Structure formats: C-alpha cells, structure tokens
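Protein chains: 4
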Amino acid sequence: MQTSIMRIDCPDQKGIIHAVTGILLNHEFNITQNGEFVDRESMHFFMRTEFAGNSDPLYMHAQLKKLLPEKAHIEILKERKKNIVIMATKESHCLGDLLIRNAFGEINAEIKAVVSNYEKLKNLVEGFGLPFHYTPHDAHSRQQHENIISEIIDNYQPDYIVLAKYMRVLTSSFVSKYKNRLINIHHSFLPAFTGSNPYLQAYQRGVKIIGATAHFVTDLLDEGPIITQDAIHIDHTYGPEEMKQAGRDVEKVVLARALKLVFEDRVFINTNKTIIFE
Amino acid sequence: MQTSIMRIDCPDQKGIIHAVTGILLNHEFNITQNGEFVDRESMHFFMRTEFAGNSDPLYMHAQLKKLLPEKAHIEILKERKKNIVIMATKESHCLGDLLIRNAFGEINAEIKAVVSNYEKLKNLVEGFGLPFHYTPHDAHSRQQHENIISEIIDNYQPDYIVLAKYMRVLTSSFVSKYKNRLINIHHSFLPAFTGSNPYLQAYQRGVKIIGATAHFVTDLLDEGPIITQDAIHIDHTYGPEEMKQAGRDVEKVVLARALKLVFEDRVFINTNKTIIFE
Amino acid sequence: MQTSIMRIDCPDQKGIIHAVTGILLNHEFNITQNGEFVDRESMHFFMRTEFAGNSDPLYMHAQLKKLLPEKAHIEILKERKKNIVIMATKESHCLGDLLIRNAFGEINAEIKAVVSNYEKLKNLVEGFGLPFHYTPHDAHSRQQHENIISEIIDNYQPDYIVLAKYMRVLTSSFVSKYKNRLINIHHSFLPAFTGSNPYLQAYQRGVKIIGATAHFVTDLLDEGPIITQDAIHIDHTYGPEEMKQAGRDVEKVVLARALKLVFEDRVFINTNKTIIFE
Amino acid sequence: MQTSIMRIDCPDQKGIIHAVTGILLNHEFNITQNGEFVDRESMHFFMRTEFAGNSDPLYMHAQLKKLLPEKAHIEILKERKKNIVIMATKESHCLGDLLIRNAFGEINAEIKAVVSNYEKLKNLVEGFGLPFHYTPHDAHSRQQHENIISEIIDNYQPDYIVLAKYMRVLTSSFVSKYKNRLINIHHSFLPAFTGSNPYLQAYQRGVKIIGATAHFVTDLLDEGPIITQDAIHIDHTYGPEEMKQAGRDVEKVVLARALKLVFEDRVFINTNKTIIFE
Numbered sequence: 000m001q002t003s004i005m006r007i008d009c010p011d012q013k014g015i016i017h018a019v020t021g022i023l024l025n026h027e028f029n030i031t032q033n034g035e036f037v038d039r040e041s042m043h044f045f046m047r048t049e050f051a052g053n054s055d056p057l058y059m060h061a062q063l064k065k066l067l068p069e070k071a072h073i074e075i076l077k078e079r080k081k082n083i084v085i086m087a088t089k090e091s092h093c094l095g096d097l098l099i100r101n102a103f104g105e106i107n108a109e110i111k112a113v114v115s116n117y118e119k120l121k122n123l124v125e126g127f128g129l130p131f132h133y134t135p136h137d138a139h140s141r142q143q144h145e146n147i148i149s150e151i152i153d154n155y156q157p158d159y160i161v162l163a164k165y166m167r168v169l170t171s172s173f174v175s176k177y178k179n180r181l182i183n184i185h186h187s188f189l190p191a192f193t194g195s196n197p198y199l200q201a202y203q204r205g206v207k208i209i210g211a212t213a214h215f216v217t218d219l220l221d222e223g224p225i226i227t228q229d230a231i232h233i234d235h236t237y238g239p240e241e242m243k244q245a246g247r248d249v250e251k252v253v254l255a256r257a258l259k260l261v262f263e264d265r266v267f268i269n270t271n272k273t274i275i276f277e
Numbered sequence: 000m001q002t003s004i005m006r007i008d009c010p011d012q013k014g015i016i017h018a019v020t021g022i023l024l025n026h027e028f029n030i031t032q033n034g035e036f037v038d039r040e041s042m043h044f045f046m047r048t049e050f051a052g053n054s055d056p057l058y059m060h061a062q063l064k065k066l067l068p069e070k071a072h073i074e075i076l077k078e079r080k081k082n083i084v085i086m087a088t089k090e091s092h093c094l095g096d097l098l099i100r101n102a103f104g105e106i107n108a109e110i111k112a113v114v115s116n117y118e119k120l121k122n123l124v125e126g127f128g129l130p131f132h133y134t135p136h137d138a139h140s141r142q143q144h145e146n147i148i149s150e151i152i153d154n155y156q157p158d159y160i161v162l163a164k165y166m167r168v169l170t171s172s173f174v175s176k177y178k179n180r181l182i183n184i185h186h187s188f189l190p191a192f193t194g195s196n197p198y199l200q201a202y203q204r205g206v207k208i209i210g211a212t213a214h215f216v217t218d219l220l221d222e223g224p225i226i227t228q229d230a231i232h233i234d235h236t237y238g239p240e241e242m243k244q245a246g247r248d249v250e251k252v253v254l255a256r257a258l259k260l261v262f263e264d265r266v267f268i269n270t271n272k273t274i275i276f277e
Numbered sequence: 000m001q002t003s004i005m006r007i008d009c010p011d012q013k014g015i016i017h018a019v020t021g022i023l024l025n026h027e028f029n030i031t032q033n034g035e036f037v038d039r040e041s042m043h044f045f046m047r048t049e050f051a052g053n054s055d056p057l058y059m060h061a062q063l064k065k066l067l068p069e070k071a072h073i074e075i076l077k078e079r080k081k082n083i084v085i086m087a088t089k090e091s092h093c094l095g096d097l098l099i100r101n102a103f104g105e106i107n108a109e110i111k112a113v114v115s116n117y118e119k120l121k122n123l124v125e126g127f128g129l130p131f132h133y134t135p136h137d138a139h140s141r142q143q144h145e146n147i148i149s150e151i152i153d154n155y156q157p158d159y160i161v162l163a164k165y166m167r168v169l170t171s172s173f174v175s176k177y178k179n180r181l182i183n184i185h186h187s188f189l190p191a192f193t194g195s196n197p198y199l200q201a202y203q204r205g206v207k208i209i210g211a212t213a214h215f216v217t218d219l220l221d222e223g224p225i226i227t228q229d230a231i232h233i234d235h236t237y238g239p240e241e242m243k244q245a246g247r248d249v250e251k252v253v254l255a256r257a258l259k260l261v262f263e264d265r266v267f268i269n270t271n272k273t274i275i276f277e
Numbered sequence: 000m001q002t003s004i005m006r007i008d009c010p011d012q013k014g015i016i017h018a019v020t021g022i023l024l025n026h027e028f029n030i031t032q033n034g035e036f037v038d039r040e041s042m043h044f045f046m047r048t049e050f051a052g053n054s055d056p057l058y059m060h061a062q063l064k065k066l067l068p069e070k071a072h073i074e075i076l077k078e079r080k081k082n083i084v085i086m087a088t089k090e091s092h093c094l095g096d097l098l099i100r101n102a103f104g105e106i107n108a109e110i111k112a113v114v115s116n117y118e119k120l121k122n123l124v125e126g127f128g129l130p131f132h133y134t135p136h137d138a139h140s141r142q143q144h145e146n147i148i149s150e151i152i153d154n155y156q157p158d159y160i161v162l163a164k165y166m167r168v169l170t171s172s173f174v175s176k177y178k179n180r181l182i183n184i185h186h187s188f189l190p191a192f193t194g195s196n197p198y199l200q201a202y203q204r205g206v207k208i209i210g211a212t213a214h215f216v217t218d219l220l221d222e223g224p225i226i227t228q229d230a231i232h233i234d235h236t237y238g239p240e241e242m243k244q245a246g247r248d249v250e251k252v253v254l255a256r257a258l259k260l261v262f263e264d265r266v267f268i269n270t271n272k273t274i275i276f277e
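Going down the list, the sequences are from chains Y, V, S and B.
Take the first sequence: its position 72, counted from the start at 1, is 71 in numbering that gives the first Met the number 0, and no numbers get skipped.
Take the second sequence: its position 179, counted from the start at 1, is 178 in numbering that gives the first Met the number 0, and no numbers get skipped.
Take the third sequence: its position 95, counted from the start at 1, is 94 in numbering that gives the first Met the number 0, and no numbers get skipped.
Take the fourth sequence: its position 16, counted from the start at 1, is 15 in numbering that gives the first Met the number 0, and no numbers get skipped.
Next comes chain Y alone, as it looks inside the complex (with noise of 0.2 Å):
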C-alpha cells in the first residue's frame, strides 16, 4: 500500500494532534509512525505523520486548512524517490559512496547528474551510466559560471543539489533561487573551522578531534542549518593529510546520513536550525 507523508508546522496551541488525527481516522488511514515537538522558545508547533493509504491531498490539505492555525505550513507528500543534481570538485570520497548508494537503491533518491568544475570525476561519473557536466570555472565571472551550473540543474529539475566537496563559495542569488534544496558537506564539526582547509586548522590548533558537518546552505557560509554531525579522536601523530584522510569517512557517513533523513522527508528547517522526526 502507499505510504504518505503529512508534514505540519503552526503557532502551537492546545488540540492540534487531535484535530490531525481525526482526519486522519475519517480516512481510515493507519498511523505508522509519528512524531511531533514544540519550540519553547518560539511556541511552534511541528508535526510528521507517515500513514499507509492513498490520500487524495488536495482534500486533505484543504480539511486540514480549516482546523489548523491560519498561517499553518501543510504538506501531504507520497512517499518516492527525490531527483537529485549532484555538484563535485575532486574528491572522489562522497560523490563514489553516493553513486554506490545510487546505483544499489540504498539512498532513496536519484541521482539525474553530476556537475563539476574539473574533470578527474568524469570517468567515476560515466562508469555509472549517469551524465557528467563539466563546467571550467577560470573563463567565466562567478556569476556566469553559476548561470551556466544553474540552467544544467535546472534542466534536470531536481528536488535537492547535493554539494559533495563542492569547493567553491556560492553566490548569494544561486543560494536563494535554490532556497532550502542546497545541501552541504562541511569538512569541520561546524561552528568550528569554518571556511578553507579545516584540516589545517584543526592541525595548527592540535584538536583531538575532528569532524563533519552537513547543513543547508544559506547566505552566510558555513551558518546555515545544521542536519548532522559527527566526530573521531585522533592524536598528535595526525598531520593535516592524515587528518583529511580520516576525515573523509566521517565527511562521507554523515552526508549520506543527512541525506536519507531529508530524503525521507524527516527534516524540518526552523530558522537556523533543524528539527528531524527520526
């Protein structure tokens, strides 16, 4: 049977999961699962129901629209598949473990192309069947080179752009047209290091620890909402090379991980941060 997905965020007030979930029951749907929270700080209310059955959403957007608060976000996805555009610049490490995922179902998207602004990819790329756009960016102004990148993802018309150690900073109105699609992987346990070559800095402060972070992207680098995180110990025999060598298996689980959460519709952006019904 098909699984459904019914994501709410609202100004909270008494009487919400009652409400949902009496529509839910006119419509005989089974609650598989659910979860629900509350922000103290802003009293918002936010709400994730997978049920099994065929919902005709308009309808129940439309039921859903006359109980809830009058500035309440509904959604009622089915659950498929996300087409994803995937941006590279030369590390292999979490481009090959997503196509692996790709190519073995494992990830719950699919992937529609890889763009990069160098070419050591190509041949990884095209070894899974999948179109490869390189796009030099040394002929172009940064916003000619976005230009030409946004109009190839445009055409795929994805649900997310995956930065995979995309190592170019953005402009601001790429980072807008693809407002909370934009997902980053961080080199660092943000906020810690941020900006270029985390690795060296993680060195020269002598950490015993070090990580990754993946985020939306917004405006200001390496600010935007954080989805997942996660650390490993090392020690003084670590060198920044050693230090990115062993990073790259945390940078890599930690996006794959973030990634089947958004992917799953589990994610809720809340100003600068994250909710996630796990």
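Think of the hints as simulated: they come from the structure by calculation, not from any bench.
Just so you know, not all the hints are guaranteed correct.
As the list makes no split between identical chains, a pair holds if one copy fits it or if it spans any two.
[Said to hold, decoys possible] Quick list of in silico lysine-lysine cross-link-like pairs, DSS-like style, CA-CA up to 25 Å:
id	residue 1	residue 2
1	K80	K119
2	K80	K243
3	K243	K65
4	K272	K243
5	K80	K176
6	K81	K243
7	K81	K13
8	K111	K178
9	K176	K272
10	K13	K64
11	K13	K65
12	K65	K259
13	K80	K178
14	K259	K89
15	K111	K121
16	K243	K70
17	K65	K77
18	K121	K243
As the structure is a prediction and not an experimental result, all values here were calculated from the model.
Given the structure of chain Y, go ahead and fit chains V, S and B onto it with the hints provided.
Here is chains V, S and B on its own, set in the frame of chain Y:
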C-alpha cells in the same frame, strides 16, 4: 504547574491517538511531549505523553479505559522523584557516581539506602549521610541472605532497586518479587561476555572495543531487557586490568543514563526488549 | 626517498631496541616511526620501525639475525602497494567502497580482481575496468567451488584476499592455504552474534548498539584475530532491515580501516589476537 | 620493583634512540614501555620510556646529557602519585568524580585540598575528609582574590592545579606562576564555543553534537594545548539545560582521562599542542 505522564500500551488499532488526545483536550491539558510506537511483530501500541496540568488520575483512567481496547495498560503518573535502594559489592565507581548525582539533585531519584555484602563502601555512603546496610553473605544460604536483604529493601518501599555492580547472582524468587524493578549494570556489551569476569574474557578474545549494558534483571542471567549500552575503543596494550579501569567510565555513564530514562517513566518493557521514548 | 619497514618479533630480552637501532644507525637510516610492545603473558617482543633509506634487505636481515634471539621473525619490507583479490557475494557497500578508494589511490593496495558467486556486482566491478570472475557455487561441491576460486586467485598472486561480505563459509584447507592473508568483515561486534544473520539476532535480543568486526580468517568461524571493530547506537524503532542498513556504514568503514593497517604492515598476529602499531 | 619514567625532548638527530637505550642497557634496566615521536614541522624529537629498576636519576641524567643535543630536556622520574589542588565553583560533577576516584585510589594523584569561591561544595569535600577553602571573590579585586588562592595552593605544594569547572577567568600572572601545571575542563569541543555559556551558544547554533575539552591553561582564554576531547550526539529536543546535563558526563570523563595521562607523565607540551604517549 504539575507535569503528568500518561503511559499506555495495548493491541494496536486505528484511532487510539485521536481518542487519547481527545481526553487530554477535554481536560484542557497541554501536551508538552508525546511519543508513540507500534511493534510490527506483535502489532502492539505504546504511547507516552507528558502534559501540563493537575489531572485526577482515577477519573482520567476511567475515561481512557472506556475508549481503549480491553487489554490496555494505562498509567497516569505525577512527575516525581523515584525512591531507590542501591545494592553494591566492593566497587565504588557506579555507586559513587549515583551518590554525587543524588546529593546534587541530578538523578531524578532519592537514594533511600545502600545494601552491600562487603563493608568497603560504608564510609563512602555514610559520608553522604545515607544508611549503609552491611549484609555479609558468608554465614548464610543464598536464600537466607536474600531474605535479609529483601527485608531491608522493603522497609524503604523503593520504586526501583539498582544493582550498582552487585556481584552475586540473584535467585528466581528474589527476581520475581521485584519484577521490572531491578536494574543492573553489566560490564560488557551484551550478549557478548555474559557471566563473570567479562573483561578477562574480552582480553582473551582480543577485542578492540569494550562496553557496558544496563538492563532489567530477569531469571535468565544477563538476558533481561536492555535499556542502554555503549562501547569504547581499546587496543592491544590493554590488559584485563586496564580494560576494567577504562570500562568503569562507560559503566557508570551507561547506568546513569538508563536510570534517568527509567525514572522519568520513559521506558516500556516489551517482552525481552525495551521501548524508550526519549 | 624510499621508505622501508622493519618488523621483528621474538622472545623478549634486554637490549633488543638498542641492538636493532644500532644496525639502523650503522646504515645511517633515519627512523621516522617506531613502535614496540611486549606481551606480558607470553613475554614476546614485537617491533615495527619505519625508516627512510634504501636498505639491502638481505644484508640487514643477516645482521639482525646475528643479534636477535634464534627464534626471531625478521622482515625488511619496502613500502609498496599490496596486491589484493576481493571476494564478494551480493552486497555492494564494502566492495563499492574499496573500488572507489582503489580508483583514487586511497587504499594502499591494487585490486587485481573480484570473485563472486553471484553476478549482481559484475557491472559495478567492470565499470571500474577490473576483472570480475563469476563463480556460481550451485553445480559444485564446496571443495570444487573453492578450487575454482583458488585457481583464479593464484593467477593474480595477491598479497591478501579480502572477503567483502562473502557470505559462504570457507573450508579448512582454503583457510590454511591463505593463512594470515584472508581478511573478513563480520557484521556484528564479535564475539556477539557469530554465524549467520547477526542483525536478526541483534533485533531479537533487543540490543541498543550494533557493530562490525574486521578480522583475519581462521578455521574457527568468526574466531580469528580481530583487527578493528566499531559500534553505533540504535533504538527500538530499528527492525532487522534498518539495522542492516545502518550497519553497512559501520562495516565498510571498519573494513577499510583494517585494510589500511594491514596493508601498511602495521598488524602483527599474536596467536588469536592482533598487535597494531598505528 | 620501582618503575621509573624517562622523558626526553630535543632537536631530532640520528641515533638518539640507540644512545638512550644503550644507557638503559648499561644499567640493566628493562624497558616496559617506550614511545617516540618526531614533530615534522619543528623536527623536534620526543621520547617517553618506562623502565623497571631503581635508577640514580642524577647519574643517569648526567650520562644522557653527554650523549644528547645540548638543548635537550631530560627528566628521570620515579613513578609516584601526584599532589593536586582542585579549584571549583558550584558544579559538583567533575569535582565529585575526582573525589570518588581519589578516595578509592583510581586517579594516580592525591587531592590535597579544594578551593572554591562558593560554599556550595563544602559538605561534599569535607565528607571525604579533605580541606575545603572557601575564598569568596566579591570583596576583592581579581588580583587580591588570586593572591589569597595562590597562598593556599602554595601551602600544599601541588604538582598540578585542576580547574574542575572553576568559572572565573584567571589573570596572566596567576597563569604564568603555575605554567604548565594548570589543567582546565572546558564545556565544548574547542575551538568551537570559547568563552562563557558554551551550551547556550551551542543551542543557538543548533549543533547536533556537543563536547568537552581538557587543556592546559595559558594566557589566551581557551587557547591552551588540548589534552583530550570528546563529543556526544544530541538532537533538537535538547534545550540549553538538557545539553548542560548531558554534557556533564562528557566533561567529567574527558577531564579524568586527561588527568590520568598527565599524572602518568605521558603528556608533552609542544608549543600550543600536546604529544601524548598512551
């Protein structure tokens, strides 16, 4: 305002959440936290709801009874510190940790007394102004010894009995008497290394991680429902003694974490497993 | 400059480090990394030394032989990529991960070929331009099947054979033939959940952590010397399938970590344990 | 038999290990543990050797002096419990943990006294039979307050001063006076969230891991050489208070681990980093 906790489990059927939240709404209670889970194997439903408001437990219980399946277990609890008795042997780390937390209100429980078959921990316990019951086992049969302990425990009418490295096997009758109220910390990641001296077993096997498991005690040694577990990395330089030392920090943190969850009424026992609403 | 690795193990006695470093000094080799360990139980000494310089292995070996106890094992190795053959069945995550690392020079080895009793992974392997040997097992006795595999393997003269989720039990004679050269990834934190379907076992036991173990293969199933292990947290919402999915990320990282250590000649086998100089 | 520890650091050159182990061999000392490291950036050599035997430190020192580069630092230490004074403010978890370990001989140190600017922890400390010095800061300038504390500390001639959640910034002159002898626990994974109230900062940033850092104190707040760090996973349900609670368990374990390493003379300070021979 008073916080109350509603705990329900029953065979799954449509409309339970709607029904239950309806009753809370009628009472004008505000739900502050809510968790549900359906065990796919047994199709059994579990729900834990925290709500603000001074409920009349009996009346609410009666209302829920009417709406829920006949076999439903229903609990309406006021949030309160649990009373506990701790059983220990010679090791200080878990007991000491609980005593510190108890002294500074960080464990959601009140330690009423400590029972031990050795005198070694007497000063520690009495230094915190708590009763220490020295109950040596040498002169007694196992049954007699447990009767003495049981009598002491019953004087304090504890909600739970915590085995903070109590190193003697308990009889069936003792375990039955305190069914679902006995919590043990085992110094391995179960089911590996059951029985005695798990660190020596771990050393002999040459493992690269060691761990700890907090679980409810049942008749079958080290087979009870697991509440929390954790593991840490070790290497070949660790002998059994070094493992023991390093393991202590895992044990005490794993036990404290389990107790917090149990004392906040977050843990359901589902035959030989636990369901935990964090 | 060439990096060489000296590996010594022998019964412990005073003066070994002094003697060995004296020989290195006479050759004017610069020690870049050095590790020693004495197993307290067996009073056996282990030493791994990395040094810069182009040694004449035979001459150095002869010199060391004179100074060390008669039973000493001595190896003088030039740092080089190891040749490996991978055996797999149907699962793509460990194999895929190794293929990516191999393609981008991140595994300190060269994959010569992949052998599998199913065809499922053929495209993946050939997409990387590597030979894939499909060796179905149905029409053959276990012995015959292994002979076929063995012949394929021997053509490539690999240093190591990696079982990247090869799901068939190997016979004693196969294991003996490749003694200390077979590395397996087992999908549990051994010694818990040996044998088949460890995630189902883990589900049934209701554990709160799952893990993976990379180990050398010996006659006794899942009893070989452990190289690396790791574990991650799960909760009651994980069925066997969710455990399997989450476990894959641990498996591939644990296997890759073990291989890196083995391929850099950092691992000694000490009866049923490993000693690892990281 | 007495265990001794030799600690050497000097500009790297060929033959150091050979020379040093030669001296140990002449004395017929048996090396039980040995670690070396060369910092590639500064080409500085570090060595820590544990050996069984009753050395004459002065004589051995003189012999080493002759063989090692002029600028070498040489320490020959007998293994012994370190004397420490603890500074605390109001939080009990780190202090309590150290008191328990101290009482049962599990910290390789002897706590001589506790100094605090609040009275809250007096009973706890005195319950363990240890002196508690209440040194309120309100009536004094920062300088005066530190003079009072310094005088108390100096009476006990401690090897190290442990800041177990001491919540006041120390002046340069205090830090200089106890150079390399002040160890602090900071409640974040540095360099993230320096300064005050890191958990609130972490909450506002919406991180998914929180951590703790034990480090030597230097003039620059939260910039001293890091000894140990760890991190744990959290989610959106954690407010600042829940982070604080969960963080306590990381803090106390991270601090205790750092202290064990320092008290066993395993830690070298290498400008703003540490080198640790575990």
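Here is how each hint holds up against the structure:
1. K80 / K119: Result: close only across copies, 22 Å inter versus 28 Å intra.
2. K80 / K243: between (32 Å within a copy, 20 Å between copies)
3. K243 / K65: So K243 and K65 fail the 25 Å test inside a copy (53 Å) and across (41 Å) alike.
4. K272 / K243: Answer is between: at 19 Å across copies they meet the 25 Å cutoff, but 27 Å inside does not.
5. K80 / K176: For K80 and K176, the Cα distance is within 25 Å only inside one copy (22 Å; across copies 46 Å).
6. K81 / K243: between (30 Å within a copy, 22 Å between copies)
7. K81 / K13: So K81 and K13 fail the 25 Å test inside a copy (34 Å) and across (30 Å) alike.
8. K111 / K178: For K111 and K178, only the intra-copy Cα distance (19 Å) is at most 25 Å; the inter-copy one is 45 Å.
9. K176 / K272: Answer is within: at 20 Å inside a copy they meet the 25 Å cutoff, but 43 Å across does not.
10. K13 / K64: both (16 Å within a copy, 23 Å between copies)
11. K13 / K65: Intra 15 Å, inter 23 Å, cutoff 25 Å: intra and inter.
12. K65 / K259: This pair counts as neither: shortest intra-copy Cα distance 32 Å, inter-copy 41 Å.
13. K80 / K178: The answer is within: 20 Å in one copy meets 25 Å, while 45 Å across copies does not.
14. K259 / K89: For K259 and K89, the Cα distance is within 25 Å both inside one copy (23 Å) and across copies (22 Å).
15. K111 / K121: Answer is both; intra-copy 14 Å and inter-copy 22 Å each pass.
16. K243 / K70: neither (45 Å within a copy, 34 Å between copies)
17. K65 / K77: Only inside one copy: K65 and K77 sit 22 Å apart there, 35 Å across copies, limit 25 Å.
18. K121 / K243: This pair counts as within: shortest intra-copy Cα distance 22 Å, inter-copy 31 Å.
Hints 3, 7, 12, 16, counting from the list given before, are not met by this structure.
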